[in-house]
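J.: Chain by chain, the residues:
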Amino acid sequence: MSNDGYWFQAPPVSTRIPLPPAEPVVELVDITIDGRTVQAPKTSTILDVTRSLGIDTPTLCFLENLTPVNVCRICVVELTGARTLVPACSRKIEAGMVIQTDSPRVRLARKMVLEFLGSSVDLSTAPQAQSYIERYDAKPDRYGPRKESARTHDHAEAVDGTKARTTQVPVKIDNDLYVRDYSKCILCYKCVEACGTDAQNTFAIAVAGRGFQSHISTEADVPLPDSACVYCGNCIGVCPTGALMFKSEFDMRAAGTWDESKQTQTDTICSFCGVGCTLTLHVQDNSIVKVTSPLDVEVTHGHLCIKGRFGYQYVQNRDE
Amino acid sequence: MDLHIHGDTASPQEREAVDGLLGPAPSAWMGGLRNLNEEGRIALVGGQESRTQRHRLIEAFHAVQGRIGWVSEGALNYICQRLSVPPAEAYGVATFYHLFSLSPRPSTVVHVCDDIACRIKGGENLCQDLEKTLGPSGSGSWQRSPCLGLCERAPAALTLQAATTPRGITLAPTSGEEITQGLKQNAWPVDEPFQNLSRSIPPSGSRELRLLKRIGKIDPESIEAYILSGGYARLKQALALGSEGVIREVLDSKLMGRGGAAFPTGRKWEAVAKAPAKPHYLVCNADESEPGTFKDRLLMEGDPFAVLEGMTIAGLATGCEKGFLYLRGEYPLAGKRLALALDLARFAGFLGENILESGLNFDIEIRRGAGAYICGEETALFNSIEGKRGEPRNKPPFPVQEGVFGKPTVINNVETLVNIPLILKEGGKAYAQLGTESSTGPKLFCLSGHVARPGVYETTFGPTLRQMIEIAGGVPEGRKIQAILLGGAAGVFVGPDQLDIPLTFEGTRAANATLGSGVIIIFDDRVDMTDILTRIAEFFRAESCGQCVPCRVGTVRQEELFHRLRSQQPLVSREEELNLLKEIGQVMRDASICGLGQTASSAVESALKNLKGLFAERGQP
Ligand code: SF4
Ligand code: SF4
Ligand code: SF4
Ligand code: FES
Ligand code: FES
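Keeping their order, the protein sequence lines are chains A and B.
Under UniProt numbering, the first residue of the first sequence carries the number 1, and numbering increases by one thereafter.
Under UniProt numbering, the first residue of the second sequence carries the number 1, and numbering increases by one thereafter.
Chain B extracted, bound-state conformation (with noise of 0.2 Å):
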């Protein structure tokens, strides 16, 4: 390949921004100067070592929006020579994601939250008032965002500063003033103390924390306090029992997969240690994007070392000697406290070479998304990762034969691998006592909208969900319930004449619903579902990564036809209308590539089943 470059030269900053991840420029042919001295009359070309870099383009992208506040044509030029990656490819990785912006920007910019739980706590109003100040989304200084992961404090903000050192401030409750105040003055509250996080995990009675007992506790910054309070003491066992003996109890506990997918890790992981090629990877798919959930950032940002302990743990019993943690891009506090736990852990011993003395090798790396649902999908974040468009790859082969960079891959979403340390202390078979016969151990619930308490929940697998509501204080204002959202937009929703369903896998599938990762959004008789409905075909449309057909115009024609239902102006009728939701709805479900398309109609069918006089014709109740 030849490598063309055309156009603008990097700014000195820009230059810096992506010398601070890859270091200098080695030679003129890599975009740095020409020294005579030491490359001699005949350039020095590096095109092979820098291409085994090029699955650092996505961090090289966030270097320079991170500096600068976007990426220019000179910015992604100079990133091409260092990494070999042409142009037009680097350009469209970058489109990709939407938190890079290829056009200049503000420094700092504000991405205001208008997703569902947000949405029925004023995020919709804040933005329209938003619009009114500062001029419409995505024109300067704010822009509207999907979910940020912030729910249980809706409505939510998140504010990007590029600077020397970027900032990532989080607004949550947020308002219109606080918003053009902080932008006026350029300023902007601190981070929260760590005990700050307690308020996310509401007082539940009796119930024991396992998975959240240090969080809002203990200080995520001090490796110290996390082994007084136990921590890598699970590590230290792992190591004793050894790799199989890891594996049994995992497979004993019959843990089930946390992300959505629910399929038993154990499984995965014995697949991966037994596969024969080299290397084999972990993943930790931190790649939280799923309306309605955010307990994985709770955990991540109040226990950093625990999930990786879990990581190491993990890694060590299926034979790998790398772990990427892939971290949701709008999570900058979760980056701060993991990169400080990370180094901790590796100057302690727990990370890195011969961990512990025991002559084994694992080092964890954190690579971060940039505003892509889709790469919460296994197969997208494995191309991610590799410094491409966040596609999702068709399946088989599966990632325990072929995942990231084509080799055995296990990928554990964070509350899976916080259970595993979990998992060793109680023994496996005690483990599987906890909670029901098909679904083990304990579980966090994500509870926002209208309830009293929202926040993260840990129980064991069993409550009903009209249990889980009344711990979470019950409904507001002695509202009456209109319908909940279980398992976020690619979820469910149930109507409040469904609340005995047992939050559990199997009994969530008896009622065709589905515990995702544990959202449950709560809507009063208040809201306007139609309204709600609609932001979700919008989501859809929005995060489809484009690639196949079915999903990309499916989406499209999906969220139009909810605009034509609410605006009750059908193309032909409103049979018509519903029969065309069912076949945009049964292409997407069997014929695109991945989950997101295949499940892009699922909530929305679902509400038109299960909620009762939802886009009722003029005239009639």
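Bound conformation, chain A alone (with noise of 0.2 Å):
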């Protein structure tokens, strides 16, 4: 130790509010898009630059706050000289590109992919696809009549093609926070970046199989309980089609209670500790029925934890 007495002395106290380091200069380039020339930053996807332009391109595995992985190819679309489509959520764009966005071959790929994901999967609650299935009248019933399929491991399962494989399977209740359905699964990915690199880094989840069998699974398909979930139901709130759902609107859906024209929903900021996060609290009947997280908020962009996501009960806790 030093003889003044001091072996510790801090920093002087800073006089200058410190600022955010500049933004970085983006370089703008010109590409075309159904015939308009714009001008936009070279770092867009040609997603970000159709919805500039109020271009409505469909997406289902595409989320503001996850890294796409462009796997349901529902937002392809066209560039010139290109041999195939090219996925709009993901491709960045470069100088002198051509795209259409609603060509007939953009529109025969969006109609396709509706009909094989309606055909396979139950998207009786996933609003935003059926939305979809309208716009581009796509007929998921052409496939004859669906069929219960059974997951196999070998290449050789009995086809006989009257029906339409599905990937239907039993419903998951296995906690008391959230269900799992994944007979509603379109494998979107969404759930499994939630659970992984994009938010919560606890990988409980993932997907397992291969070809139409892949499906999301804990470890041998253990239940949520023995896996390492920690409930922070980020997967809830990134899936598309209800898949994920909190046990409260699985309950009530099943008793016929659920009625989202009755609901109304309230942005406040959770109080269990200082992170802040804003919770939407979706309420019908003067009830809490389940609780969102605005994509947009700088704080967690719609990422939440347990308490702030399931830890409503006590709100409703009145003396009667």
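Incorrect hints may have been included.
[Stated by the list, open to error] Stretch by stretch, here's where chain B covers chain A in the computed footprint (C-beta under 8 Å, at least three residues):
id : region
1  : 21-29
2  : 104-114
3  : 133-144
4  : 290-297
Rather than coming from a laboratory, the hints here were simulated on the basis of the structure.
As the structure is a prediction and not an experimental result, all values here were calculated from the model.
Built from N, CA and C at the ideal position, the CB exists for glycine as well.
Please dock the two separately framed chains into a single complex, following the hints provided.
T.: Take a look at the structure:
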């Protein structure tokens, strides 16, 4: 220890308020979309540009707060000079690209993707997908009556073609907080990303199996309470089909009491800790029925923890 | 990340198998025993250290699968601890690969090929017999398999036997008798001497062999024999020429990739050599799984040093210090010979540090696939090397920019690499004189099915399909040709009226066909082509990685449709079905992520176009 009696000195207090670093300058490039030539930053995706132009490009596996996986292929557009269609959600723009977002080829691809999903997956709680089905005049029924399918690991499964195979499996109810109904899963990979590197870093679920047998699973399909799941519910937050659902919503739907037209949504700040996540409380008949979080809030971009997501029971403990 | 391990622990044998690959567990944290003297009171954690090993996940599964015959929950848990991989993710990886079993299975399992080339040589009947004697496929000691790359000796089977030293035994041609007796008495043939490989290279007249010249002639386990036959002279030459010199020769040779995509090899090399990001990687794509292809297997089994020499030249020319040879999991003999060759080459100074005193380093590691056709797709292969599910990546970025481990990567097929020493020997310009203007050099063709002498044929580009079939002895028993499949399951069917197609890249393209990997399967007039087409549809359904909707569901719907066409039970009408087939094909071609989905309808659609009278309606011709 030195002689002056102090071995630690705090740095002088700054008199300047630190500024954020300057935004890097992004080069603008010209591209042509549906005959309109526009300038956009080089780092944009085709989807960014179509959205800025007010073109409604359908997406299913894309979400603003997740890394694009480009697997559903519903957002494909026609790029002049490319052999195949390209996914708008992930393809970065390049100078001089000429793109059509509503050509017959694009419409056919989108219609077929929707028919493929509609004929194999239960889309009854996926309003977005249903509206696309209407928009593209998809006819999921033209592949024959639906078949209940059992997952096999063998390439030689017996097929006769008279029924359309589906991903039907029993609903998994193995905890009090949320329900997993993989018959409704379109394999958009969003829940895996939210559970993994994009938000929670817990890696409780992953895609298992291959091909049509691919499915979201814990290790060896163990029930959630045995898995690494921490019940942040971020997977529910990103699921576009209702395959992952609050138990409260699931039970109300089963009882026939779920009624979105009677619900209000109120934004508030979670009071459990200092992070200060924004909560959107969905209230029906004066009771909270589920909790979401807006994607565009800086603090957590729509992701929550178990307390904010599920810890609302106390609000409803009324003295009666 | 918080590693959550639940349930069983590994048995001593399972641990031993994993430790055999990764070394003993250094700490309790990684699943070892707690050693208080070494670790003190604070547990040694090694997250970073073990995570850098994560790419060895698939090899770790191989270790357990090869030792026990299946991967238990305990073994999976132990592997997860060793490599710091979350169990759900490891489970997702293991279940992607069909050679790994996650449920108990006997230690010996026979994989019997029921794919197209074997099917018409009794493979399907064989499977049906086994279904009667041994029970359904996958229920125990046997299962159906896609093409095993032994089509010239159809019908084929591969016995995989888990043991301290696991064995893979090729049975080709095989019979129900051989398989049931083998299982009953646990008696299997030993590896055949290398001379037997020559039976897969039927004499083809006076043609000069350049790529196949050593196969069956010299001992593939002797580096002396290889050197005596001119081996490794080209590596010395390459070192003298330097990177730019070698790339110039390859550009001059106009060598096109032989794996199916036919991209100019020199351009690839140039791009990687110049890529600023470091390190660079070289990958040899030896995941030969296109039904009807077996040439790479022959090259690796018969001339492993040539493959290594080609890789070393490629690696040094493109600034790589590390190469991966991604070997199809169903090729145990090739794996054995390559592993031995690697050791011998390293010992002799042809690999490793300071190669031949040049100051340059390059080494090669073998990685095995595990039963996934999709891993032949280059970006899926990269993911597999990284220890992930073999799901293709979206392109761009291309491999030369971001390949394996996100670094610039040269990826070449085995046959392409074996051409490299030859190019240096002949000189790029002289090599370009062989063959035709746009298809230069020698090419290997795999002939199988109804042809008198099935096997691998080498010829310089030029002969027509008709000439190739004649060289192979024509169709036996005086039968007529009904159809020919060019390029494998992802290729194109042509009819007997198209025999004059020149077998060159440009010639096949002009005829709306493809050379693919050099597959030529001949079907005579007795074959039920509707059965073949249905099997191809089934193949794609089973091999789709399942990532993107067009291919995951499209291949299922296409398969169902073929079953309906076959049984003449259309949903609405035959016309409607054909129209539906077109739309399914269109979306798979247009919107799938990778080549598998994009070509999944090509062969079947071409058959409907080029072959007459398929699926004719009842009562009609
Ligand atoms: S469960 Fe939901 S979020 Fe997860 S892959 Fe399926 S549809 Fe997507
Ligand atoms: S949701 Fe969780 S992290 Fe966010 S404020 Fe509430 S308690 Fe804190
Ligand atoms: S095309 Fe098929 S194999 Fe390729 S990425 Fe898509 S699902 Fe996977
Ligand atoms: S939204 Fe682009 S591929 Fe799914
Ligand atoms: S080994 Fe049977 S088809 Fe190739």
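J.: Each hint should be assessed against the structure and marked as holding or not.
T.: Quick rundown of the hints versus the structure:
For a cut-off of 8 Å, the count of residues in the region 21-29 of chain A with a CB near a CB of chain B stands at 0, and the three-residue condition is violated. Residues of the region 104-114 of chain A lying with their CB closer than 8 Å to a CB of chain B number 5, which satisfies the three-residue condition for coverage. Counting residues of the region 133-144 of chain A whose beta carbon lies closer than 8 Å to any beta carbon of chain B gives 3, which reaches the threshold of three, so the coverage claim holds. Coverage of the region 290-297 of chain A by chain B is violated. Counting CB-CB distances below 8 Å, 0 residues qualify, and the rule asks for three or more.
When the structure is compared with the earlier hints, violations turn up for hints 1, 4 and for no others.
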